[in-house]
Amino acid sequence: MEPTVSSAEISYGGGLRGRLSRALENPTFLGFLFVAPAEFLLLVFLAYPFLLGLWLGFTDTILGGRGHFVGFENYSYLLSDPSFWQTVFNTFLYTVVAVFLKAVLGVGLAVVLNRDFKSKGLVRAIVLLPWIIPTALSAICFWWLYDATFSGISWVLVKIGVINHFINFLGDPWNARWSLIAANVWRGVPFFTIGLLAGLQTISPDLYEAAEIDGAGSWKKFRKITLPLLTPLLTVVTVFSTIWTFADFQLVWIITKGGPAGSTHIFGTLSYERAMQGGHFGEGAAISNFMLPILVACVFVAFIFLRKED
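Residue numbers (the working numbering): 1 to 310.
One thing to keep in mind: the hints can contain errors.
Ranges of calculated distance between the beta carbons of each label pair, as one might list FRET restraints [what the hints assert, rightly or not]: (1) G278 to L129: 35 to 41 Å; (2) A148 to V96: 38 to 44 Å; (3) W85 to S204: 49 to 55 Å.
Source of the hints: derived by calculation from the structure; they are not laboratory data.
Cβ coordinates follow ideal geometry from the N, Cα and C atoms, glycine included.
Start from the sequences and build out the full structure, keeping to the hints where you can.
And the structure:
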């Protein structure tokens, strides 16, 4: 005897399948379903650590101990700590000078590479190399170039007679700061160059031809045509570079570890030293949280300009 299925079961099964079929035909639901695995990973590996860091900044958590809520105690202590204010100065000096130099050099290189010349593709590939090389590897190379005993830069300068002794790049506070800025500029210029080069290629050549007919020179064409049309993209690229430079860690930590005597610490390295090496997780998290308002402001500016571009 064949099994029988009640009408209620048929109705329920059909209804469930129908709702599922309609849901899968909905572009919004289907799109959410496709990105759900990525959203889950972002929630676990980004959102949770971020919220945990915010919470730790308001606790006295130390290595091996259970922390308690202490309110703004970590922040008030840091505001009275001279080494923290030294770090604030270092971070803003490092970010402002490095981003400015990267923007100026990036614009110049982009304008040059936008012209037609032999081996243009090879030169563009070479310019991109500093950005492709892993940060840790390039930092180790700069550490060797700046080494007090084996500095490649000092060796060359001595050999050609420019100086008569090796330069103490990393032992002097100001030398160390400028050395880190130089390393960051070397690594970050390709990001500006490639991004702005793409923007330059969207500018119509007819504008330059019309300017030449009117008697405009190279500088006037750059100031009246290139720079105004490139400004929106330049702003977005600068904001992104500011975010990455302000939150830098690898380059500074590998080259100087914040030395000499803490004179090159930035927010990321001081936070790591206090939390991971010193065991004061609450204090280290509080230092990191000081970066949040600046980074949020940069993201907001980038969002505004991206919406204008759309």
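Each hint tested on the structure:
1. G278 to L129: 35 to 41 Å: The hint (35 to 41 Å, Cβ to Cβ) holds, given that G278 and L129 are roughly 37 Å apart.
2. A148 to V96: 38 to 44 Å: At 28 Å between Cβs, range violated.
3. W85 to S204: 49 to 55 Å: holds, 50 Å
The earlier numbered hint that this structure contradicts is number 2, and it is the only one.
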